[in-house]
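Just need the whole structure built from these sequences, with the hints factored in.
These protein sequences, in sequence, are chains U and F. Each residue of the first sequence is one higher than the one before, starting from 35 at the first, in our numbering. Each residue of the second sequence is one higher than the one before, starting from 35 at the first, in our numbering.
Hints in this document: simulated from the structure, not taken from any laboratory. It is possible that some hints are incorrect.
You can't tell identical chains apart in this list, so a pair holds if it fits in one copy or across any two.
[Unchecked claim] Simulated crosslink set (SDA-like; lysine to any residue; CA at most 25 Å straight-line):
1) K73 - Q158
2) K122 - N93
3) K141 - T113
4) K192 - L159
5) K98 - A128
6) K141 - G55
7) K58 - A36
8) K98 - A125
9) K50 - V155
10) K97 - I57
11) K122 - S87
12) K122 - V85
13) K98 - Q131
Number of protein chains: 2
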Amino acid sequence: MADAIVFNGGARGNWKVLRQGAIKGAGLGNVAFVDRGTKGDAGASWTLSGVTSNLRYTNASEKKVLDATPSVLARPGATRAALIPITKSAAWWAMAQDERRAVLEDKSRHIAIGSDYLSAVSRQLVHCRDQVGAPFDFLTWFEFKPEDEARFDELLVKLRATPEWGFIDREVELRLEKAA
Amino acid sequence: MADAIVFNGGARGNWKVLRQGAIKGAGLGNVAFVDRGTKGDAGASWTLSGVTSNLRYTNASEKKVLDATPSVLARPGATRAALIPITKSAAWWAMAQDERRAVLEDKSRHIAIGSDYLSAVSRQLVHCRDQVGAPFDFLTWFEFKPEDEARFDELLVKLRATPEWGFIDREVELRLEKAA
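Put into structure tokens, the structure is as follows:
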């Protein structure tokens, strides 16, 4: 049983938008705030929602590394965030499990790269591909301290240079600051 | 983007219930018919829905076997069906990907066993674990000719005897006949 995680983009919310833009494919309407919660808001410009779910690619030894540095949201001082909704291509989803794993980790080192940033960047992967009519496959969410934003930028540069990113069809990025 | 597959249990539908029962955990209210379609029916006794999705465990060589015998629904003469909603345990979902694959295939031969029945039994795996509030993880659907029902029974006996089935928390079975 999954709990909903909902992002309402609009005129109010618990995160202020510093900047937003389309990295690949269509963007999202510009908004001043994003409200991160558990319910839709009929007054929002757009609403994106999904659920946390089980690990899809991580193996047992990689899971040990992740479990040793749990990704805790709302850490003191972590007043910056990024919401990056992404959609992968039909070619990605048509691959067998071992073929996707080979691109994601053997060729792209996605889990290994991410592991280097666990202490600076808290992450949450929100799944929406299996929701009827969802416009994105994943809503990726990151929180960090303002002084760690350069490290987060570095993480994005590394990931976007991987073979895995060749399977990204749509990507939108919003940088956020915790609303007072 | 996923399309919904919806099962409405009630007084009408395109499949007549021959028998139904709980295999493990709570059952579903008894109904005379199941309607398999794409939309909920407010008049139904219960409604279960989900989506088809990408392969989760199948590797490239196993996928070749599956692709060589595509599972086609509504085949001529396939007038019997089974709807078996299942939920796996928290222990299952807490495992890493390689640990789940080890139980599913290395120890339980789930994919290999299923492959032996591809010609007799058409299958569709409907995912609902990542839908908010869904009571089951999967709605498994099978179609076969009346003369192949004994083979389908055999398939169920084999799968239910596997280590993987130790991770099933809830399982309900409905046997169906195509409504005239």
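Against the structure, the hints:
1. In this assembly of identical chains, K73 and Q158 lie within 25 Å of each other by CA distance solely inside one copy; the values are 17 Å within and 32 Å between copies.
2. Proximity of K122 to N93 under the C-alpha cut-off of 25 Å is found in both arrangements, the shortest distances being 21 Å within a copy and 19 Å between copies.
3. Taking the shortest alpha-carbon separations for K141 and T113, neither the intra-copy value of 33 Å nor the inter-copy value of 47 Å comes in at or below 25 Å.
4. For the identical chains of this complex, K192 and L159 are intra-copy neighbours only, at 18 Å inside a copy versus 36 Å across copies, given an alpha-carbon limit of 25 Å.
5. In this assembly of identical chains, K98 and A128 lie within 25 Å of each other by CA distance solely across copies; the values are 12 Å between and 29 Å within a copy.
6. When the C-alpha separation of K141 and G55 is checked against a cutoff of 25 Å, the pair qualifies neither within a copy, at 28 Å, nor between copies, at 47 Å.
7. In this homomeric assembly, K58 and A36 come within 25 Å of each other (Cα to Cα) only across copies, at 21 Å, whereas the closest approach inside a single copy is 29 Å.
8. Taking the shortest Cα distances, K98 and A125 sit within 25 Å of each other only across copies (16 Å), while inside one copy they are farther apart (30 Å).
9. Proximity of K50 to V155 under the C-alpha cut-off of 25 Å is restricted to the intra-copy arrangement: shortest distance 19 Å within a copy versus 54 Å between copies.
10. In this assembly of identical chains, K97 and I57 lie within 25 Å of each other by CA distance neither inside one copy nor across copies; the values are 30 Å within and 33 Å between.
11. Taking the shortest Cα distances, K122 and S87 sit within 25 Å of each other both inside one copy (17 Å) and across copies (13 Å).
12. In this assembly of identical chains, the alpha carbons of K122 and V85 lie at most 25 Å apart whether taken from the same copy (17 Å) or from different copies (17 Å).
13. For the identical chains of this complex, K98 and Q131 are neighbours both inside a copy (21 Å) and across copies (13 Å), given an alpha-carbon limit of 25 Å.
Consistency with the previously given hints fails for numbers 3, 6, 10, ordered from lowest to highest.
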